[in-house]
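Could you slot chain B onto chain A? The hints should help.
2 protein chains.
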Amino acid sequence: MSEKLKPKTLPGFMELLPNEQILFNKMKETIQKTYEQYGFLPLNTPIIEDAKILLAKAGGETEKQIYRFEKGENDLALRFDLTVPLSKYVTEYYDKLSFPFKRYQIGKVYRGEKPQRGRYREFYQCDIDIIGDGKLSILNDAELPSIIYATFKNLGFNDFTICINNRKILNGLFSSLQLKENSASILRVIDKIDKIGADKVKQELLEEIEDKKVEVIMQFLKIDGDNNKKIQDLENMGITDETFVEGLNELKTVVQFIKLFGVPEENLKIDLTIARGLDYYTGTVYETFLNKYRNLGSVCSGGRYDNLTEYYTDRKMPGVGISIGLTRLFFLLMDNKIISAENESISDALVISMSDEYEKVAEVATILRENGIKTQINIEDQKLAKKFKCADRLNVPYVIIIGEDEIKNNVVTLKNMVSGEQKTTTLEEVINIIKR
Amino acid sequence: MSEKLKPKTLPGFMELLPNEQILFNKMKETIQKTYEQYGFLPLNTPIIEDAKILLAKAGGETEKQIYRFEKGENDLALRFDLTVPLSKYVTEYYDKLSFPFKRYQIGKVYRGEKPQRGRYREFYQCDIDIIGDGKLSILNDAELPSIIYATFKNLGFNDFTICINNRKILNGLFSSLQLKENSASILRVIDKIDKIGADKVKQELLEEIEDKKVEVIMQFLKIDGDNNKKIQDLENMGITDETFVEGLNELKTVVQFIKLFGVPEENLKIDLTIARGLDYYTGTVYETFLNKYRNLGSVCSGGRYDNLTEYYTDRKMPGVGISIGLTRLFFLLMDNKIISAENESISDALVISMSDEYEKVAEVATILRENGIKTQINIEDQKLAKKFKCADRLNVPYVIIIGEDEIKNNVVTLKNMVSGEQKTTTLEEVINIIKR
Numbered sequence: 000m001s002e003k004l005k006p007k008t009l010p011g012f013m014e015l016l017p018n019e020q021i022l023f024n025k026m027k028e029t030i031q032k033t034y035e036q037y038g039f040l041p042l043n044t045p046i047i048e049d050a051k052i053l054l055a056k057a058g059g060e061t062e063k064q065i066y067r068f069e070k071g072e073n074d075l076a077l078r079f080d081l082t083v084p085l086s087k088y089v090t091e092y093y094d095k096l097s098f099p100f101k102r103y104q105i106g107k108v109y110r111g112e113k114p115q116r117g118r119y120r121e122f123y124q125c126d127i128d129i130i131g132d133g134k135l136s137i138l139n140d141a142e143l144p145s146i147i148y149a150t151f152k153n154l155g156f157n158d159f160t161i162c163i164n165n166r167k168i169l170n171g172l173f174s175s176l177q178l179k180e181n182s183a184s185i186l187r188v189i190d191k192i193d194k195i196g197a198d199k200v201k202q203e204l205l206e207e208i209e210d211k212k213v214e215v216i217m218q219f220l221k222i223d224g225d226n227n228k229k230i231q232d233l234e235n236m237g238i239t240d241e242t243f244v245e246g247l248n249e250l251k252t253v254v255q256f257i258k259l260f261g262v263p264e265e266n267l268k269i270d271l272t273i274a275r276g277l278d279y280y281t282g283t284v285y286e287t288f289l290n291k292y293r294n295l296g297s298v299c300s301g302g303r304y305d306n307l308t309e310y311y312t313d314r315k316m317p318g319v320g321i322s323i324g325l326t327r328l329f330f331l332l333m334d335n336k337i338i339s340a341e342n343e344s345i346s347d348a349l350v351i352s353m354s355d356e357y358e359k360v361a362e363v364a365t366i367l368r369e370n371g372i373k374t375q376i377n378i379e380d381q382k383l384a385k386k387f388k389c390a391d392r393l394n395v396p397y398v399i400i401i402g403e404d405e406i407k408n409n410v411v412t413l414k415n416m417v418s419g420e421q422k423t424t425t426l427e428e429v430i431n432i433i434k435r
Numbered sequence: 000m001s002e003k004l005k006p007k008t009l010p011g012f013m014e015l016l017p018n019e020q021i022l023f024n025k026m027k028e029t030i031q032k033t034y035e036q037y038g039f040l041p042l043n044t045p046i047i048e049d050a051k052i053l054l055a056k057a058g059g060e061t062e063k064q065i066y067r068f069e070k071g072e073n074d075l076a077l078r079f080d081l082t083v084p085l086s087k088y089v090t091e092y093y094d095k096l097s098f099p100f101k102r103y104q105i106g107k108v109y110r111g112e113k114p115q116r117g118r119y120r121e122f123y124q125c126d127i128d129i130i131g132d133g134k135l136s137i138l139n140d141a142e143l144p145s146i147i148y149a150t151f152k153n154l155g156f157n158d159f160t161i162c163i164n165n166r167k168i169l170n171g172l173f174s175s176l177q178l179k180e181n182s183a184s185i186l187r188v189i190d191k192i193d194k195i196g197a198d199k200v201k202q203e204l205l206e207e208i209e210d211k212k213v214e215v216i217m218q219f220l221k222i223d224g225d226n227n228k229k230i231q232d233l234e235n236m237g238i239t240d241e242t243f244v245e246g247l248n249e250l251k252t253v254v255q256f257i258k259l260f261g262v263p264e265e266n267l268k269i270d271l272t273i274a275r276g277l278d279y280y281t282g283t284v285y286e287t288f289l290n291k292y293r294n295l296g297s298v299c300s301g302g303r304y305d306n307l308t309e310y311y312t313d314r315k316m317p318g319v320g321i322s323i324g325l326t327r328l329f330f331l332l333m334d335n336k337i338i339s340a341e342n343e344s345i346s347d348a349l350v351i352s353m354s355d356e357y358e359k360v361a362e363v364a365t366i367l368r369e370n371g372i373k374t375q376i377n378i379e380d381q382k383l384a385k386k387f388k389c390a391d392r393l394n395v396p397y398v399i400i401i402g403e404d405e406i407k408n409n410v411v412t413l414k415n416m417v418s419g420e421q422k423t424t425t426l427e428e429v430i431n432i433i434k435r
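Taken in order, these protein sequences are the chains called A and B.
Numbering that gives the first Met the number 0 puts the first residue of the first sequence at 0, with every later residue one more than the last.
Numbering that gives the first Met the number 0 puts the first residue of the second sequence at 0, with every later residue one more than the last.
All the given hints hold, so there is nothing to weed out.
If chains are identical, the list can't say which one is meant, so a pair holds when it fits in one copy or spans any two.
In silico DSS-like cross-links for lysine-lysine, where the CA-CA straight-line distance does not exceed 25 Å:
1. K315 to K385
2. K51 to K113
3. K382 to K95
4. K70 to K56
5. K5 to K56
6. K336 to K152
7. K7 to K51
8. K388 to K359
9. K268 to K359
10. K258 to K229
11. K5 to K51
12. K179 to K251
13. K95 to K386
14. K95 to K3
15. K134 to K385
16. K25 to K373
17. K32 to K373
18. K434 to K32
19. K70 to K51
By construction, these hints were calculated from the structure, which means they are not laboratory data.
Bound conformation, chain A alone (with noise of 0.2 Å):
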């Protein structure tokens, strides 16, 4: 016996067994399927880049994270967002697209954050982002939910809702206050408002800012009721800041176009606490909730951005995106036993022998692969009874069995997996009822 290593995937990277692997996968598909019905274009950037470029925009936590190494002369570092990429890709390939530019792109990005439960160091991102040249319509902003919803549908989920909000209309808010310089602290007190509640956020709001301002906020964040009524009372607050206005008017602009664009009132909420980061988002911002699963935290975010490329070039490229962290949404998923990849199986039948009769095996799988069936054969030298151990383990629905007297009579004996029945007949017939 020499000495062995002992493989082990490093902490923080998702590996999944082969039925959660296939579970994960039609989620990913899914989600690229429900892009490509919108119209976006698939971009596949390197996951390698120059570490200049990377880190153009980067700085504090990003950089900590980031892998960055040298490769003979070059710079290097794994990208750990897909914007940083997209921003790079539409400069340096600016001429042969054309604006607005609709990409998704799904990939594994890296951060070397401390390894904790559910959090990864490698995990798929899935992102569209519609970039203009110059300039974007608003109206971009109403298709994204539009999007949102359909592919959080598509994952078969129907209890969810997407939260809207405007940027402009709480930096208005600030601005009309003369707040602006203490924005950054006072988003940090309005974002505990569903742990803490709105008196200890008036509170909080208080020691820092006089009465009547404090007065003027509470009555903005009590803003209640549906989505037209909070706009009505965003009005009737008869804030005249000139961003205030644009921000309100951005959003009743949206919060119109996303119904046009089905999207059904029950699953769109306007939220004026969202602010999701500070610097960042300039305009519409999204977050979405499973409604039974609020504790979850968002599971697609996204917002618009007024240039997404001003390191690279002068040209302005204003930007909406939303991303789906699908690695960690899987976790969770999984965690909360809200999916379960118990009964996955990649195969619809798997074609077994008595003994060795191993031609008729080969002959009985390609005519179900020829038929559109997912087959797999066992045809080992092993014993019935581990042969459907196997078979248990895949998960798989049918299990098709040739001995001698199948051969013999031209038939073969199908097995349904779930309910045990079994039944001797032609190939043909078993065809047919594997593919019901």
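Structure of chain B alone, referenced to chain A:
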């Protein structure tokens, strides 16, 4: 104007324009769907692994090419193939898998080769392998060519040849001639037969080996005719070396079963000169050639190996596998104009408006999407001519135009972008036309 970084994708990294990416993805999905048709389970292992694990087996060229770096205390590396990660996976999850374990993996791998035209540092491999626990029936070696066959058929090729050999025949031949020690250099000479011809091969062999033995090798190399004739000729050589006889019997069985798995005679050829490297493969070996483009080299190769996991466990895990180097294949097919992405479109239709009929655009697009039509919209404040230019760049087959008249009469105008034909009719009819 601030100073800007000029964004540039690294050399040796394939980055495609959207229409090319559409075609690339179609090919990738075709391969995936075919692999699944044969019941292979999907895996998706991390791109980053512990360097020690990844390099257990490596050495020489591989070690130089690998992307290896440190992050915190971890010695990390990017995978350079999908076989070592499979080896790790099978050892790590042994108790949870059923054997034979049949998996496919399609993913990017990394090798820091010298950048050359058509050689990539990041490239897709599309692998399938069958791994046995202790032993693995030779019949599995016959199933893989049927997957190669189905894959290239599904990719749109007809005129291709799967070449098959068995390393034991070559090894047994050399052993029977007491030339085991020379096998490496003999194989190198034999390998040139297509380029330099049989006479020159003979000449070179005579420099090293005695006449009589060269005669036997030349007799072997001259074996010709259809597959049955070749097997007959091999038998007629009267070699009794155990390894030779075993290899010949395996080859006979594999050729017989390949037919049962549905591969036509004309797509399969015994090629006794294929060796595929010296150390790794131990039995059956495959190469695949597009007959009209033999100069492209093998487009799908693989073979049988004795032990996948020898660096990690004492358990014997024999396997057989094939691999398609998709990135390189795509480059070669594009470069030789065998495929073209010129007319690739992700969308079936683009909806535009004459001026500002955006509500109707949203409504029409939503109905089209609900009817399964991949639909992009253009809701920018752009001139009609510019919108049509966009449509051209997107290669979209149909443009749906909405203007005041269309809204008044509750119709839309459909333009076929290939024929140039234009028709004003109901949305219902438009859906039927596009679906046809």
